[in-house]
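Asks: Below, each chain spelled out in residue letters.
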Amino acid sequence: MVDAEMNQVLGISLPALLGQLMLGLVNGCFYAMLSLGLAIIFGMLNIINFAHGALYMMGAVFTWIALTQFGISYWWSLLLVPLLIALFGVAIERSMLRRLHKLNNLYGLLLTFGVALVLEGLFRHRYGVSGLPYSIPDAFAGAFNLGFMFLPKYRAWVIAASMLTCFASWFVIERTPMGAYLRAATENPKLVQTFGINVPVMISITYAVGVGLAGLAGVLAAPATQISPLMGSHLIIVVFAVVVIGGMGSIFGSVVTGLALGLVEGLTKVFYSQASNTVVFLIMGLVLLVRPTGLFGKEK
Amino acid sequence: MRLRMAGYGLLVAMGLIAPFVVYPIFLMQALCFALFACAFNLLLGYTGLLSFGHAAFFGAAAYATGYAVKTIGLGPAAGILTGTVAAVVLGSVIGVLVIRRQGIYFAMITLALAQLVYFFFLQSSFTGGEDGLQGIPRGHFLWVINLADDRKLYYVVLAIFLFGFVLIDRTIHSPFGQVLKAIRENESRALSLGYDIDKYKLQAFVISAALSGLAGATYAIVFTFVTLSSADWHTSGDVVLMTLLGGMGTVFGPVVGAFAVVTLQSKLADKVGPLVTVITGGMFIVCVLVFRNGIVGEAAGLYHRVVGRRVDP
Amino acid sequence: MKRKLISTVIASLLLLIAVGAAAQTKGGGGKVSDGVVKIGVITDLSGLYSDLSGQGSIIAAQMAVADFGGKVLGAPIEIVSADHQNKADVAANKAREWFDTQAVDVIVDGVNSGAGLAVSKVANEKHRVFIDSGAGSTRFTNEDCNPYTIHYVYDTYATGSATGKAVVQHGGKTWFFITADYAFGKSLQQDTTTAITAVGGKVLGAALAPLNTPDFSSYLLQAQGSGAQVIGLANAGGDTINSVKAASEFGINKKQTLAGLLVFITDIHALGLPVTQGMYVASGFYWDMNDETRTWSKAFLAKTKKMPTMVQAGVYSSTLEYLRAVQAAGTDDADAVMKKLKSMKLNDVFVKNGYIRADGRMVHDFYLFQVKSPAESKAPWDYYKLLATVPGDQAFQPLSLSRCPMIKK
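Residue numbers (the numbering used here), protein chains in the order written: chain V, 1 to 300; chain R, 301 to 613; chain P, 614 to 1022.
Bear in mind the hints are in silico, worked out from the structure with no lab data behind them.
A couple of the hints might just be wrong.
In silico SDA-like cross-links for lysine to any residue, where the CA-CA straight-line distance does not exceed 25 Å [as the list claims (entries may be wrong)]: (1) Lys684(P) x Ile1020(P); (2) Lys102(V) x Val321(R); (3) Lys651(P) x Leu589(R).
Here are some of the chain V residues that sit facing chain P, going by a computed Cβ distance under 7 Å [as the list claims (entries may be wrong)]: (4) Gly19; (5) Leu23; (6) Met231; (7) Ala275; (8) Thr278.
Derived contacts from chain P toward chain R, CB cut-off under 8 Å, selection only [said to hold, decoys possible]: (9) Lys700; (10) Asp713; (11) Ile1020.
Don't be surprised by glycine CBs; every beta carbon is placed ideally from N, CA and C.
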């Protein structure tokens, strides 16, 4: 079964190519947002948050619950759900992660792995895996007919919203005093504590922000993809690969890599769709051979 | 020393009578995972390296064995050997790529490379993809023992397990093993003493991969069936849990952990379905927070407090 | 101190559990247990096929046992069930364990062709009966046929050809497939291709999607790019639902027709009539066909809150007919029961004058429906209008074309 279009060199029909690139860009936005959250948590707290995928999933499921049980609209969910997830994250951090601070950070990895399994299992038990329906909010129904391709309005919104969020996060962390405190507190907690800054609170805030980003990604994902308890575990390993490629401490690196990878995946789907799952890991292997700390990373 | 001998004796004795009391297939499943966990523990408990992608070796060996026995027509012994060799090759390749990384990076990279292996299996036709490699004949072990009989197969599997187990035990208690422990404790100090730590780590990695492969190869013969779940990262997670729960850095720990986890998962799967994942996750959390020494580790500690003598389990 | 206490308690508890659990699993010899007839339901309880089979299948089996009278040949009847999680090895291992240690006599449902084929092999090895109502691959009655397996309700030949032919005859000549990448999907694509090319259709291309794909948009874009008139969905359950949803999001269903090659009433219910109206559905059962089906289905609805799919009705029927065969044969020995099943005429709410062929295929009438528009539907679950009845001997692959090694030619 050969796709008749595929045999032309760059003559893949323009709509097909652009359509896949656009989808790839949207996926890339999710990769970027999720790896941004992971990079913040890792870069500043030295914790690998395996539960990130599960928290993203929770964001999407909570959005669905908000609509179906409480009648809360999508717009309010955009505000409320990330806050809820952030609070949940703070609870995890204070009750469990905090006790592991002094230990090898591999224990933190194992703990968050356990949390991910618990969350995934609970939601799977409650909701099955067939997926929960969430329709696109009316403001975004339909698509822009650009002539050479259809661009669903909702996907355009996702691109815009995630780019805005990534830029805002980067700005806050790198360019504002609050961000400076956060960075200082996590780089040298003891010293910063002596300045009278409440370091444990800073740490909690950092974790909350990282996790809140995952929740926000979940809200954005709810109308676009199938909301299923497994949606996090599908993504999490790819996001890890993105963070490794981008450089594990680098916020800028993970955003750029996330977007780039989404585009590369989209292109791969056009030319050789069987490889689209593996291309991320292939790139990761190559990057590791050439630049072990990742493209933008600094060794910790 | 006497305690160790007693421990060995207990293990062998239980192993010999077990199939008359307990369903042999269940025992063999537990033994395969016990070997897998022991091999994994060599890397985690004794060298201090957490690999999150060990299922790649287990799965690769299982598929290689399945293919060798079903399609090429080798006997089970040759098939298992083939599987183990496949794991050695894969272990060497991946080992070379990852060995210079440490800690979290090492874990993440092994996870991602294992995913690469997983997707390779998903796409390959020889693995049967989602359907799996079915109908692997059990054959006659060394031309004599008919493996279609579950009980005979069990004793062969027990022998393979004991072989692997003794190998690991000897490795741990050899000079080579001492260096590994030194690396686990303080890598820079070991380096400053003149040891080529990369070489030692790589060797430990390959041995661990090889024995994980042996476990996977045996698994293929026992279940006559290999699917993608043997190379899935959930399986990698399972073996981490078995080692953690049983006791990292103890010889008998992973065996206990493997039996515990396999029992829990098979008994609970019927009753609670997807909650098995929740319980597995819960076990991780509890172990990491309050139970880091694992069952055997805590038992040894208890023995030390009660009897006053230190043991090395 | 407290930490040590907790750890010790946990350690002891775990050891106790391990010992206790080990002690319960008695070694098995594989004897059919006299005194109890045990029916095992292996199904997908929490995955993408759980709505069309799952818990509903278990309830259907229970209803069959109750309607039969709860006892056969003086022995009680028990039902056990398990979730194979859409994993073939889990299904096979469960089947093996059931046959070896729990004296299960027959396994039913078996949704997911990979899992079903695996169980079929185990049943053959252990000489026990397996009646599959849930899976679709034609391999059950061709390459992988065996004397202990019955393929009861549908297969990809029946649904694919009926739907495919209907679509081509209504003008959909060029096709692009989106196929679930495993035994069932490929089987469905192959059988549909054979059927449509026979009536003048043409296949322009196909995209293989992994089972449980969360996002079909990129495959649908490929389909859109091919310019085919029809996008054939060679998948089922959750996958079909997601494909249709994504297609409607991208406006693809405005220019191209979506053909669901295996669609269940639960899928229509999940998607709603506005999106699915006009779709062709080939099915072996519909609740609103006659008074008998209506009565039984409403009883099913009361227990499960959903109308039965053909799979669930098939589980009811196969369980009932199995018990009748045991009664008639005077024993639950697999060989005797299989012989009886293959010589009986089957009559119940699901099948009229059905029979089981030498290759294990249960032959019964198939129906072609079309999904009603929202205006035409008068009540919940009133989704189909009957277009045609396909007699059994035409619906399924003729025995003469069978690749089953058991058939002497």
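Asks: None of the hints should be skipped; say for each whether it holds.
Replies: Going down the list of hints, with the structure as the test:
1. Restraint check: the Cα-Cα separation between lysine 684(P) and isoleucine 1020(P) comes to about 35 Å, which exceeds 25 Å; the hinted pair is violated.
2. Between the alpha carbons of lysine 102(V) and valine 321(R) the distance comes to roughly 46 Å, so the proposed pair goes past 25 Å and is violated.
3. Taking the CA atoms of lysine 651(P) and leucine 589(R), the gap is near 44 Å; set against the 25 Å cutoff, the hint is violated.
4. Nearest Cβ of chain P to the Cβ of glycine 19(V): about 4 Å, under the 7 Å cut. The hint holds.
5. Look at leucine 23(V): its Cβ gets to within about 5 Å of chain P, closer than 7 Å, so that hint holds up.
6. For methionine 231(V), the suggested interface contact is upheld, since its CB lies about 6 Å from the closest CB of chain P, less than 7 Å.
7. Proximity of alanine 275(V) to chain P is violated relative to the hint, the smallest CB-CB distance being about 12 Å (cut-off 7 Å).
8. The interface hint given for threonine 278(V) is violated, since its Cβ lies 12 Å from the closest Cβ of chain P, which is over the 7 Å cut-off.
9. Proximity of lysine 700(P) to chain R holds as hinted, the smallest CB-CB distance being about 6 Å (cut-off 8 Å).
10. Look at aspartate 713(P): its Cβ gets to within about 7 Å of chain R, closer than 8 Å, so that hint holds up.
11. The interface hint given for isoleucine 1020(P) is violated, since its Cβ lies 20 Å from the closest Cβ of chain R, which is over the 8 Å cut-off.
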